[in-house]
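**Student:** Add chain B to chain A, keeping to what the hints say.
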Amino acid sequence: MSDRPLTQSMRPDGEALTIKEYERTDGYQALRKALKMPPKEIQEIVKNSNLRGRGGAGFNTGMKWSFVPMGNDAPRPKYLIANADEMEPGTFKDKMLIELNPHQLIEGMIISALAIEAEIAYVFLRWEYRLAAARAQRAIAEAYENNYLGKNILGSVFSLEMHLHISAGRYICGEETALLNALEGRRAIPRAKPPYPQISGLWGKPTVVNNAETFSNIPHIILHGAEWYKGLSRTTDGGTKIYGMSGRVKKPGLWELPMGTTIREILEGRAGGMQGGYELRYLIPGGASTEFLTAEHLDVKMDFDSVPKVGSRMGTGTLIVIDDKTCPIGVLHNLEKFFARESCGWCTPCREGLPWVTNILEAIENGQGQAGDIEALAMHGESLWLGRTFCALAPGAMEPLRSGLKLFKGDFEQHIIEKRCPWR
Amino acid sequence: MWTVNGVNLNMLSEKETHEIAEELKQYKTRQAASVEALKIIQRSRGWVDDEGIKDLSAMLGMTPDELDGVATFYNLIFRKPVGAHVILICDTVSCWVMGYEKILAHLKNRLGIGLGETSPDGLFTLLPIPCLGACDKAPAMMIDEELYGNLTPEKIDELIKRYGWKG
Chain A
1 MSDRPLTQSM RPDGEALTIK EYERTDGYQA LRKALKMPPK EIQEIVKNSN LRGRGGAGFN
61 TGMKWSFVPM GNDAPRPKYL IANADEMEPG TFKDKMLIEL NPHQLIEGMI ISALAIEAEI
121 AYVFLRWEYR LAAARAQRAI AEAYENNYLG KNILGSVFSL EMHLHISAGR YICGEETALL
181 NALEGRRAIP RAKPPYPQIS GLWGKPTVVN NAETFSNIPH IILHGAEWYK GLSRTTDGGT
241 KIYGMSGRVK KPGLWELPMG TTIREILEGR AGGMQGGYEL RYLIPGGAST EFLTAEHLDV
301 KMDFDSVPKV GSRMGTGTLI VIDDKTCPIG VLHNLEKFFA RESCGWCTPC REGLPWVTNI
361 LEAIENGQGQ AGDIEALAMH GESLWLGRTF CALAPGAMEP LRSGLKLFKG DFEQHIIEKR
421 CPWR
Chain B
1 MWTVNGVNLN MLSEKETHEI AEELKQYKTR QAASVEALKI IQRSRGWVDD EGIKDLSAML
61 GMTPDELDGV ATFYNLIFRK PVGAHVILIC DTVSCWVMGY EKILAHLKNR LGIGLGETSP
121 DGLFTLLPIP CLGACDKAPA MMIDEELYGN LTPEKIDELI KRYGWKG
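Residue numbers (my numbering), protein chains in the order written: chain A, 1 to 424; chain B, 1 to 167.
The following block holds chain A by itself, in its conformation from the complex (with noise of 0.2 Å):
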C-alpha cells in the first residue's frame, strides 16, 4: 500500500502500464472485490471515503452517485461518463493519467458503473490529446479481451460496453450537459439543471458524468477501504491530489501530493521556486476560472475548503504562475478572451457580456484604456454571476476579473493614465 497510489505504478519511460504489468501492481483486483458487493454498498464506501470530484467542483462522488435511480423500476440503460475533456487553461493532470494508466481509469469506471448499475460508459476525451486517446482505445480493446468489459465480467451477472468518444475541440464539452449534448451528436449547448443527469441524463437516462481523475481514485479505495484513503489525505477531503505547476518557475510539472498539501510546499518543495530574475507576483490556483491568490496565501492547503476561505477555489489543482515581469492587465486579457471565444452563445450576458470585456481590457492593455472602463468591467463582474447566467462559465470568467480588480486597481490606473502598458 503506498501513499502515492494513483502514480506509484506508473513507469518512469513515459510508456502506458500494459495489461499485464497493470495486473501485477493489484490491478483489477478491485473490480473481482466489487463484483461481490451490493452496489449500494460501493457507494457507502465511496461516499464514506470523501472523495471529492476531480474536475474542479469537488461535489462528494459517492453523494453525487446516490442521486440514481436504483433497482428494477429505474430507468434504463443507465450511463456512465469519464469526463477527460481537460480544457481547463493551465490544466494537464488527467492527460498524464490516460497516457501512463488508463486501465486505472478504465477500472475505476468498471466499478462505478457497478455501483449504479449502468450499462453502457464512455470516455468523453478531447481531441488534442492524440497519444491518451490511442493509448485509452488500446487499453478498452485489453480490457475487453480480458473479460473485464462485455458480457457477463468475470463469470458475473454483470455487463458493461465501454466507447471512447473523441470530440473536435470546444471547451464547453467539458461542462456535463453539454457533454451530454455533445455525445448526443447535438451542438454542445449546456442544459437546464434541474433535472440532473444522474435523474435525465444522456438521452434522457440516469447518467453519472464524472471527472477522469475521480475515477482514477476507485480502485484504490474499493481495495484498501475508505479510512485508508482518508489517512492519504492531511484535511477532511480523502486522498492525494495531483497537483500540478507552470509559469515561470524551474521545474513545471506534476506532482501526486497528500490533499491539503499548501501552495509553499509545491512551489517551493517541488516546482523549485521561481526561474532566476523572477518574483512571485501573484498565482491563480486551479486553472483559469479561480480567483487570484498572492504571496501571503502561500501557507494555504490546496483543498477544497481551505482555498474558499481566502476567496478562491481549489478548482483542478493545477495552478499557474505569474512573475512580475509579466503584466497582469495582460493576463487578464488573456483570460478572457479565451471564455469570450469558448462561450457557446446561447445566453445573452455570457455572449455579449464577454467580448465586451475582452475589448475594455485589449483596449486598456494597449493604452486606449478610457475613464468608466473599470467601471464597465466591475458592473459584468457583478453581473454575469450565478443564477444570472445558463451555466458556470461566463461566472467562472468573471472570478479572475473580480479578484484582479481588487488586486491590480493600481496597474489599471496607471496603463490608463500613462495610455501604455509600462510591462512593454
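Watch out, some of these pointers could steer you wrong.
Stated by the list, open to error - List of simulated lysine-lysine pairs, DSBU-like, C-alpha gap at most 35 Å: (1) A:K250 x A:K33; (2) A:K251 x B:K102; (3) B:K25 x A:K36; (4) B:K137 x B:K39; (5) B:K54 x B:K80; (6) A:K250 x B:K155; (7) B:K108 x B:K166; (8) A:K250 x B:K102; (9) A:K230 x B:K166; (10) A:K151 x B:K25.
Since the hints were derived computationally from the structure, they do not count as laboratory data.
**Tutor:** Coordinates of chain B only, in the frame set by chain A:
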C-alpha cells in the same frame, strides 16, 4: 453514384460512405455519430465542404442546418479549406506567459501569413488553439496530430523544414 437508405449520394466517395457506415454501427443513434462522421469527411478532403454537409446530413437523418450547427460548433472541424498541414498554436495563459507572442511573431514572419491564413504554397494553415494541456512545456503547438513543446525560434525553423518548408 451509390445509395444509402434510398438517398442518392453523389458527392461522398465509396470510401467515405463505407467508413461512415461502419461508424454508424458503433453509435446508438445516427445523429450521435455526427462528430465522428464529420471527421471522416475532413480526413479525406482536408475540410468539410457544403456538399459534404448536405450528403452527410441525409445519411444521418439530420437537416443540413442541424448538421452545420454541429460542424461549426467545433474548433477543429474546418468549414473552409486548409493547407496540407495545420499548425495549432496555443495562445492561452501559460503559453502566453512563457513566450507565445515571440514564437507567433517568428512563425508569421517565416510563413508570411497571419492567424487563420494559409501559406501561398498551400503547405501550412496557422490557427490559434486554446490550452493544449502542455503547460509544463510552454510555449507549445501542434502540427497535425503531433504535439511540440518548449518551442524556440530555432526549433520552429527545424520543424517547419521537416514538414516540407522550402522558404
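**Student:** Evaluate each hint against the coordinates.
**Tutor:** Comparing the hints with the structure gives:
1. This hinted pair does not check out: A:K250 and A:K33 have alpha carbons roughly 43 Å apart, beyond 35 Å.
2. At roughly 22 Å between alpha-carbon atoms, A:K251 and B:K102 fall within 35 Å of each other, so this suggested pair holds.
3. A threshold of 35 Å between alpha carbons decides the hint, and for B:K25 with A:K36 the separation of about 33 Å falls inside it, so the pair holds.
4. Proximity of B:K137 to B:K39 is assessed by CA-CA distance (about 28 Å); at most 35 Å being required, the pair is judged to hold.
5. Taking the CA atoms of B:K54 and B:K80, the gap is about 15 Å. The hint holds against a cut of 35 Å.
6. Restraint check for A:K250 and B:K155: the C-alpha separation of about 21 Å stays at or below 35 Å, so the hint holds.
7. Taking the CA atoms of B:K108 and B:K166, the gap is near 15 Å; set against the 35 Å cutoff, the hint holds.
8. Taken as a hint, the A:K250 and B:K102 pair is honoured in the structure, with Cα atoms around 20 Å apart against an allowance of 35 Å.
9. Simply put, A:K230 and B:K166 have alpha-carbon atoms about 59 Å apart, too far for the 35 Å limit, and the pair is violated.
10. Pair hint A:K151 plus B:K25 holds up; C-alpha atoms about 18 Å apart against a cutoff of 35 Å.
Of the hints listed earlier, those the structure fails to meet are numbers 1 and 9, in rising order.
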